[in-house]
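Chemist: Each chain is listed here by its residues.
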Amino acid sequence: MIDIAGILIDNILFVALITLGGVLISWSVHFVPVGGAPAAMAQATGIGTGTVQLAAGAGLTGLVTAGAMINVTDSLPLILASGAVGAMIMISVTMIVGTWVYTYGVGVPPASAKVDYDPITKDRQDIYVSQGTEGHGLPTVSFVSGVIGGGLGGIGGAMVYYSLVNITTGLSATNLMGLASIFAVGIFFVNAVIPSYNIGGTIEGFHDPKFKRWPKAVITSFIVTFMCSIVGVIAIGGL
Amino acid sequence: MSAGGSGGGAPEAIPQNKLIAFGVIAGLVGVYLSHYLVAYVSTAFSFIGGLAAICAIVWGAAAVRRVASYGLGTGVPSIGMLALGMGVVASMFGLAVGGIAGPIIALLSAAIIGLVIGVLANRVIGMGLPIMEQSMTEIASAGCLTILGLSASMTGTFLFDAVLNNVVATGYIAVIFIAGGLAILHPFNANLGPDEKQDRTLMTAVEKGAIAMIIAGIVSITTDGAASAPTILIGLFIWYMAFEQYRKYVDRDAYDVVGVGLLPTEEEGSE
Amino acid sequence: MEPLMGMGVLAIIGAAATIAGASEDLESDVGSQSNPNSQVQLAPQMNYPHRIFNKAISGEPPSNAMLGAVGGTVTSVLMNAYGLSVVFAIAAGALVAALIHGTYCTSAYMGRSASQKRFRQPIYLDIIRSHVPVMMGFAYITTFCILVVSYLMTAVLAHPFPLPLLAFIWGITVGAIGSSTGDVHYGAEREFQNVEFGSGLNAANSGNIVRKAESGLRNGIDNSWFCAKFGGPVTGIAFGMTVFLSGWITAVFDPSTGTTAGWLSVIAGAIIVLALIIWNRRIEVAARNTYGPYKEDEVEA
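Protein chains in written order, with our numbering: chain G, 1 to 239; chain C, 1 to 271; chain U, 1 to 301.
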């Protein structure tokens, strides 16, 4: 029988880091401006897809870049930064091309319906919202918010993965890598879905009133990721 | 989903409790049976793991159907990603620490994590879906059993060393994750609409479960402990039967099935 | 690795990813996948039955992740068990993925249409026969290109993730990008060509999608013809840019040569992101000036 308490004490730092990573992922989703199905018809501000999907796409891109970085360096800040940059590139490329489509393909200017003035550029928003819609496209504040969200998600995903591959274990490198990566993907999905229920599937960014709900999702994610991290550390550390 | 939630629970020809019993018992028994039959009789019996996965998938699809018909505020797929995320963590944990009791420990830990998420979703996030706790528990457990069943069918056992070397380190766990996940999610999503019927949705689950089983059979080519041909052939057979039956249900339920045609003519003074 | 070699591989990866992005978006236009499909699903309910393919495979990212993971699995099995060359293995893997995609498309169309009995939405078998092979074709191209990207990353760029997992992740990413960019062109413009360009889509118009084509009744293939002019290519650029730029920064500043280079790659990435923010702002200003406000300014700003 494996020594559960001993493994947990040895790896208590990683339990904490995994939990922190999960909480970061959960918080990050609140920044990502997604409008769900209405945004795909240019009826709501934000990216025209689902929260979970976009967060997963960005975060997993970050995981890929962080995974490549872990192979060549031990520096935690560098690994986290590369995860953040990978996710930020994915999400900002997606948003800029989204802006092309809204502006040139659909012919609507970016506008937010939640605030009258863009908090960053101070541009008037409400009169640029077309009739019968909840805004459209990605005004600067949503774009910046999305970049922040991508970055935080990338850091979170990289932190989870880094912690999992550094647990003291008897596994071979290939096996450890495989197990850690699928655990990281699983933890990522769990923490991407929880906040999307919290915001009801759509949010414009950090200026959206819904953003204030984030503590609820973060508490939920904290508890759930803590359980997952204990389970993960015992599973990997016990081998 | 805009046209999804009717907000009142879906009518069920088969009660959910029977499906839970069916999923848990058939899933667990199947996983154990495939392990022991492969160990003591022949590697050809690894296909039983695939059958176990199909049973768990049907149960999971029924649970998704039940909770998603309340309307989740976001797409149907999210709940399945959540379930598979929990399921993969729990099943790897169970197998890693449990040894021969692995599948049971995996199932229990999936159920516990699912229950906690369900409780938190209602109490902290305030989703207020009356069946959220039960459904999250069910979906996480079904996801976990699906992963176990497909892994057993790929390797012929659920012992962790074999699963780790042949399924996790090689990355085939990703296909288990998504093929199992889509088999649980797709049925309700594919049959979304006001005239959705339980038997048709569950038949889709059988059909998609059979596809996951076929893929597991293909993977078992690379493993010594499992035979691939029986899994692939039985999977193809189940897929064909389920698809034929699904077509019959579609013919029964559809407004009209036409080879080619114009739009239905306007009737009853509709504009 | 030689920097030039890395750059060459990266160029192939970027090109393959661009094709994958474009074919992914066109596949979703033929089959009306993802969010714009909510209007196709809604139309019969608003008394507009139609001949447009109606499907959803649990959202675009999971369905493409399925393609990638199945393709990657079959490829990996064929290479490991039979020693098949990578080109054949990828071709076979993409074929299996496309076949499975076909069954998912069929069950989605039949199931969703059958569940709309009370709105008198028939199932047209000729739509299945003509559209499913097209979708399988696009799915094949997407899977093939994703597998090329994933294989080169594992085999040449020495990425530690196994091939099926990498293909799974790129599938999620291409689906997320496709549903965020190209699908908007389909959902906001093609489905509602009956409203004036640039007028925005009033929520009151929901479900009133265009059902007549240049000739006959409109179907999904007509939609992909339109989206191939803008939505598809830009989706390709988006996915190609994502894959290329995230690899480019580490190819130029190779982190294996030391921590300094690693940090330089992070800085290069941050500069790219900053440039994109500024670009977005410039487009925003240009669009506001060109299109102008919809309402007169009642309150003094």
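To be clear, the hints were calculated from the coordinates, so they are not data collected in a lab.
Wrong hints could be hidden among the right ones.
Stated by the list, open to error - Derived, one-sided and incomplete: chain U residues facing chain G with beta-carbon distance under 10 Å: (1) P61; (2) S130; (3) M136; (4) L165; (5) G187; (6) I277; (7) R281; (8) T290.
We put the beta carbon where it would ideally sit given N, CA and C, even for glycine.
Chemist: Confirm or reject each hint.
Modeler: So, going through the hints one by one against the coordinates:
1. P61: Where the cut-off is 10 Å and the nearest Cβ of chain G is about 4 Å from U:P61, the hint holds.
2. S130: 25 Å, violated
3. M136: Nearest chain G Cβ about 23 Å off; hint violated.
4. L165: This interface hint holds because 6 Å falls under the 10 Å limit.
5. G187: For U:G187, the interface hint holds, since the closest Cβ of chain G sits about 4 Å away, which is under 10 Å.
6. I277: 6 Å, holds
7. R281: Holds. Min distance 5 Å.
8. T290: 8 Å, holds
Violated hints for the displayed structure, listed by number in ascending order: 2, 3.
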